[in-house]
Amino acid sequence: MAAQAAQAGLEAWIFIPEDLEREKIVATAVYGPKLVRVRGVYDDVNRLCAEVADRFGWGLVNVNLRPFYAEGSKTMGYEIVEQLGWSAPANVVAPMAGGSLVTKLRKAFEEMETYGLAKGTAETKVYGAQASGCGPIIEALHRGDAMVAPVRPRTIAKSLAIGNPADGPFAIQAMKESGGWGEAVTDEEIVAGIRLLAQTEGIFTETAGGVTVAVARKLAQQGKLSREGATVLCITGNGLKTPDAVSGEVDFGPVIDARLSEVVELAEARELAMR
Amino acid sequence: MPVTVRIPTVLRRLTGGRDEVATPGATVGEVFAAVGAEHQEFLGRITEGGEVRPFLNVFVNGDDIRFAQGLQTPVRDGDEVSIIPSIAGGR
Chain A
1 MAAQAAQAGL EAWIFIPEDL EREKIVATAV YGPKLVRVRG VYDDVNRLCA EVADRFGWGL
61 VNVNLRPFYA EGSKTMGYEI VEQLGWSAPA NVVAPMAGGS LVTKLRKAFE EMETYGLAKG
121 TAETKVYGAQ ASGCGPIIEA LHRGDAMVAP VRPRTIAKSL AIGNPADGPF AIQAMKESGG
181 WGEAVTDEEI VAGIRLLAQT EGIFTETAGG VTVAVARKLA QQGKLSREGA TVLCITGNGL
241 KTPDAVSGEV DFGPVIDARL SEVVELAEAR ELAMR
Chain B
1 MPVTVRIPTV LRRLTGGRDE VATPGATVGE VFAAVGAEHQ EFLGRITEGG EVRPFLNVFV
61 NGDDIRFAQG LQTPVRDGDE VSIIPSIAGG R
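Line order of the protein sequences matches chains A and B.
Taking our numbering, the leading residue of the first sequence gets 1, the next gets one more, and so forth.
Taking our numbering, the leading residue of the second sequence gets 1, the next gets one more, and so forth.
I should point out that these hints are in silico values taken from the structure, not numbers from a laboratory.
Ideal placement from N, C-alpha and C gives every residue a C-beta, glycine not left out.
Only true hints are included.
Not the full set, but computed from the structure, chain B residues with beta-carbon under 7 angstroms of chain A:
hint: 1; residue: T9
hint: 2; residue: R66
hint: 3; residue: I84
hint: 4; residue: I87
hint: 5; residue: A88
hint: 6; residue: G90
hint: 7; residue: R91
Covered stretches of chain A (chain B as the covering partner; in silico rule of three or more C-beta atoms under 8 angstroms from a C-beta of chain B):
hint: 8; segment: 99 to 110
hint: 9; segment: 160 to 172
Short, incomplete list of chain B residues facing chain A, as computed with Cβ under 10 angstroms:
hint: 10; residue: D19
hint: 11; residue: P54
hint: 12; residue: F55
hint: 13; residue: N57
hint: 14; residue: F59
hint: 15; residue: G62
hint: 16; residue: D64
hint: 17; residue: S82
hint: 18; residue: P85
hint: 19; residue: G89
Work the whole structure out from these sequences, hints included.
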């Protein structure tokens, strides 16, 4: 948002929760927007932005411009099908915060079938992923409710920490109508998901990606993901945005002097360990 | 000093264009009923079957009433009740 505004020569005001990860604040502030840090969580920021849009008549991405931003996220669905050689994945797993992405993935797949761009995409099952510390959509789905009761977020997946998801009811419809489902995972499972993706695929994702990987794992263990056809995990954020999520878990390795003998020692220790 | 109800632009035609309505009341529900007594269409657009309508959020001094007692949430003189339509991207 800040980057687009800078490129377009537009003035931008960016409202964020005060305690957002430092990396994300720096990566926004560098473009020179008017950055405003709000005491509270995303839900407080969203409420404030609704009032700001109403009072000043500004265009706010998450408020009066949201239908455009939401429609824009259909491109993720188009790109998935394109990158699979214009074929339909069996399953798609995506993270949910406000619930818009899974709704629009489903819409994208339906459109591709309708307009004859791909076959079978309307049958692609859409699965939603949340952190159990902020899983109001999953809780409603599992209860069988059409409407979502708000929760107070408590999770390391801050980018998904929306306790009052506006598109929650649409997300539930999208998951159910597609024949998919959804799950929630703990902070520990999220960290394990980040490490699993890094160590098996060479991709470092932020906490939201960890949620998606961990939920996919859980759904697979439950036998909910069919093994026929491709399963796509939507990894929506770079790990460098939330390095603190895993920095306490990874091996920083030994510190040595720049002497060959020290490496020889390390190599010998490794050989011993391998025996 | 009564309770102030803040009305968003999209709902202001229900209150004759007014952006704030001050009214007495001991709960959010009573306050809404008092506003409804003056502005006929108001109550039916805000509530449905004794609940706040879906896709509308109601806050007392910034706190979502669903975390309190819904329409039974007590209010005091000087409190600010905000009605904020839910901001969905839609289907």
